[in-house]
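**Student:** Here's the letter readout for the chains.
Number of protein chains: 6
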Amino acid sequence: MSQVHVTRRYRFCAAHRLHTDLLSPQENWAVFGKCNNPNGHGHNYVVLVTIISGTPQGVGTIERLDHIVNDTIIERFDHHDLNGDPAFAVLTTTGENLVKVIWEILQPLLPAGSLRKIGVIETRDNYFEYAGST
Amino acid sequence: MSQVHVTRRYRFCAAHRLHTDLLSPQENWAVFGKCNNPNGHGHNYVVLVTIISGTPQGVGTIERLDHIVNDTIIERFDHHDLNGDPAFAVLTTTGENLVKVIWEILQPLLPAGSLRKIGVIETRDNYFEYAGST
Amino acid sequence: MSQVHVTRRYRFCAAHRLHTDLLSPQENWAVFGKCNNPNGHGHNYVVLVTIISGTPQGVGTIERLDHIVNDTIIERFDHHDLNGDPAFAVLTTTGENLVKVIWEILQPLLPAGSLRKIGVIETRDNYFEYAGST
Amino acid sequence: MSQVHVTRRYRFCAAHRLHTDLLSPQENWAVFGKCNNPNGHGHNYVVLVTIISGTPQGVGTIERLDHIVNDTIIERFDHHDLNGDPAFAVLTTTGENLVKVIWEILQPLLPAGSLRKIGVIETRDNYFEYAGST
Amino acid sequence: MSQVHVTRRYRFCAAHRLHTDLLSPQENWAVFGKCNNPNGHGHNYVVLVTIISGTPQGVGTIERLDHIVNDTIIERFDHHDLNGDPAFAVLTTTGENLVKVIWEILQPLLPAGSLRKIGVIETRDNYFEYAGST
Amino acid sequence: MSQVHVTRRYRFCAAHRLHTDLLSPQENWAVFGKCNNPNGHGHNYVVLVTIISGTPQGVGTIERLDHIVNDTIIERFDHHDLNGDPAFAVLTTTGENLVKVIWEILQPLLPAGSLRKIGVIETRDNYFEYAGST
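Top line first, the protein sequences correspond to chains A, B, C, D, E and F. Note that the working numbering gives residue 36 to position 36 of the first sequence, counting from 1, and the numbers run on in steps of one. Note that the working numbering gives residue 120 to position 120 of the second sequence, counting from 1, and the numbers run on in steps of one. Note that the working numbering gives residue 71 to position 71 of the third sequence, counting from 1, and the numbers run on in steps of one. Note that the working numbering gives residue 60 to position 60 of the fourth sequence, counting from 1, and the numbers run on in steps of one. Note that the working numbering gives residue 46 to position 46 of the fifth sequence, counting from 1, and the numbers run on in steps of one. Note that the working numbering gives residue 54 to position 54 of the sixth sequence, counting from 1, and the numbers run on in steps of one.
This is chain A alone, in the form it adopts within the complex:
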């Protein structure tokens, strides 16, 4: 059986601010530091989606993935403020939460068992990876 993993790279630019309503302004600052600055900052996010190639020849696999990721991830987050997205109504917009949010969006849209890993590069030095809960 084919076991080739295909990783496709996507990008979006977004603003965000680390902040939670569960804490006071002073506590937010103590916990998040400059990442809590009121007007937010931003990143060039890179998203790496790893799937199992579904057909013997890989025909159409990447094209279909591109459509799904562009429609549900890039269109939604690119050139937006993550803090205004419903997915982050309660969650803070950390890389840990973002990578799980992307997994939760994509996993039901792909053939069962084909999604293997989501990676998010937030900055040159920060990388987050999620392979689902097991």
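Treat each hint with caution, since some may be false.
[Unchecked claim] Here are the simulated BS3-like pairs of lysine-lysine, each with C-alpha atoms no more than 30 angstroms apart in a straight line:
hint, chain 1, residue 1, chain 2, residue 2
1, C, K34, D, K34
2, E, K117, F, K117
3, F, K117, D, K117
4, E, K34, C, K117
5, D, K34, F, K117
6, A, K117, C, K34
7, E, K117, C, K34
8, B, K117, A, K117
9, E, K117, A, K117
10, A, K117, C, K117
11, B, K34, A, K117
12, F, K117, B, K117
13, D, K117, C, K34
14, B, K117, F, K34
15, A, K34, B, K117
16, B, K117, D, K117
17, D, K117, B, K34
18, A, K34, E, K34
If you are wondering where the hints come from, they were derived from the structure by calculation, not from laboratory data.
Starting from the structure of chain A, add chains B, C, D, E and F where the hints point.
**Tutor:** Coordinates of chains B, C, D, E and F only, in the frame set by chain A:
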């Protein structure tokens, strides 16, 4: 005479939104597209500062430059919203304007004639460079 | 027991064209799009070979691997047209197939169990990985 | 006067083969080595186009450039064999010639004096740059 | 349960020389080649530390990791000669040994089970990875 | 007349230590900080050599340059300690001096006027460039 150019690389993460009060909301959208989204987006900006090395042995050149750039550029823009900065009260926050703003800040603080070039990498595919007006 | 994984990076430049004789010219175009252009196109391929270091001090591990990979992979594919290679007489030259072909070539030439993973970077955005069938 | 240089990055994948009809097969091999292999090889080419920003706010500069480059460079060379292109009917498909061909195509299509530099990255270690004849 | 892996990137510059007192000078040269040159050479090492995020919101995880890695790895190895470090009194300073030394230093300082992987990039083409002995 | 600039990328790994005999140990430390650590440290140096392509078709240009650079730069500095090199008997091994030393070595070996620029990347954030004295 020493002609070695030293380029030092700095980074900051910031939010921004392309928008000008000179245009109506509809015109802003027509001109800037998704870069005009109300809540802004953001980038991992890279700033490349090129100077002429001032001393025969280069002693202290980079340390002094680091202090100046950190105090006046990184502290000011990192984890902030560029649209809220006084430098962009009138100017839109394009890469073209940002690279000139950084030149105008640094040029008077460095020894006369030593600043040669400012480069700004906004995204993987967009690079802006300014060498002063002549 | 030593569990250090060593990944060594190699490169080759090759032409290829996505095409299968099982389909008509029209069907090939429908399936592969511009990748089916008659005269082919090409890539700078990067091959990442991951092995378990065989000796306590790692002495000679990389040198031996270099000889094997250069003799059997780089000499064979570098500056050639993948579509003309016997390995692709039946298979299309997708990244999915290329990464498996490289595994099949290298696996019998290395100490049993030492090959752990082959990665192929086809373009900046496409990565293929194979760890053997199990 | 605005002196900001904007560099925009594009990519295409193409096959090519170094060969000239002015030489015999033996001479071609002596001069070009493995780059003369009959079926060609290929590269992921990166094209860097540097222009002077034409308007005070940079509005629309990059969008217009994208249209021109996509229509005349990317559409023409991406997923093609450079040796089959009319521009290389006589010229060999070296990086030196490619960078000049791209300049000659783009220069008449852009506002007078606005094109400043074309760069072509052929492989990780080879870069070609042309700023016009003067 | 949260399964997000966070990878943080660190760097240090160090000298080293491949040499073991168990071998004669001639044998050292035969085994290590130019890496055995008496005065050593050096690298810009990159260290990738992968941990499981410990708290639901990831609060403080990276800050704590930075303190530990800076205090015990960067301070110790940056701008030093690895061959003079007690960890390499007996071991040669190969990438295989370095990645294990870093694991052994960090593992007891982090919450039980939270360290998942250490990666060391020695040169552009050499990568070493260790996930503990099991 | 052909004006194409060709930049070729080379690499070497070397140890070095910033130190000058003109200063006392205390003064050396004050000036160079950790870069003055007695046993030195090291870098993966990248050297970028830019020349004017000498022939209409670029035939043989890169091959000849490779031979010259490998024989006089890579063989000399790779896997050595820069501080032990005669070129640095008096000069400290700063990037400023290294880029000029490389220029002085290569310039007389290349056709008159063909060498245009030497670049040295010392670390991810430090770049030195020299185009000769004029």
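**Student:** Given the proposed pairing of E/K117 with C/K34, does the C-alpha separation stay at or below 30 angstroms?
**Tutor:** 41 angstroms, violated
**Student:** Run the distance test for D/K117 versus B/K34: straight-line Cα separation, threshold 30 angstroms.
**Tutor:** 29 angstroms, holds
**Student:** Keeping to a limit of 30 angstroms between CA atoms, is the pair of A/K34 and B/K117 held or broken?
**Tutor:** 29 angstroms, holds
**Student:** Has the given pair, D/K34 with F/K117, been kept, meaning a C-alpha gap of at most 30 angstroms?
**Tutor:** 29 angstroms, holds
**Student:** Would you mind confirming whether the straight-line C-alpha gap from F/K117 to B/K117 stays at or under 30 angstroms?
**Tutor:** 16 angstroms, holds
**Student:** Is A/K117 within 30 angstroms of C/K117, Cα to Cα?
**Tutor:** 16 angstroms, holds
**Student:** For the pair we were handed, B/K117 and D/K117, check the Cα-Cα distance against 30 angstroms.
**Tutor:** 16 angstroms, holds
**Student:** Would the hint linking B/K117 and A/K117 be met if the CA-CA limit is 30 angstroms?
**Tutor:** It is violated: about 42 angstroms lies between the C-alpha atoms, which goes past 30 angstroms.
**Student:** Within 30 angstroms, alpha carbon to alpha carbon, are A/K34 and E/K34?
**Tutor:** 47 angstroms, violated
**Student:** Is A/K117 within 30 angstroms of C/K34, Cα to Cα?
**Tutor:** Since the Cα atoms of A/K117 and C/K34 sit roughly 29 angstroms apart, the hinted pair holds (cutoff 30 angstroms).
**Student:** For E/K117 and F/K117, compute the direct alpha-carbon distance and say whether it is at most 30 angstroms.
**Tutor:** At roughly 42 angstroms apart (the allowed maximum being 30 angstroms), F/K117 and E/K117 break the hint.
**Student:** Please verify whether E/K34 and C/K117 have alpha carbons no more than 30 angstroms apart.
**Tutor:** 29 angstroms, holds
Comparing the model with each numbered hint stated earlier shows that hints 2, 7, 8, 18 do not hold.
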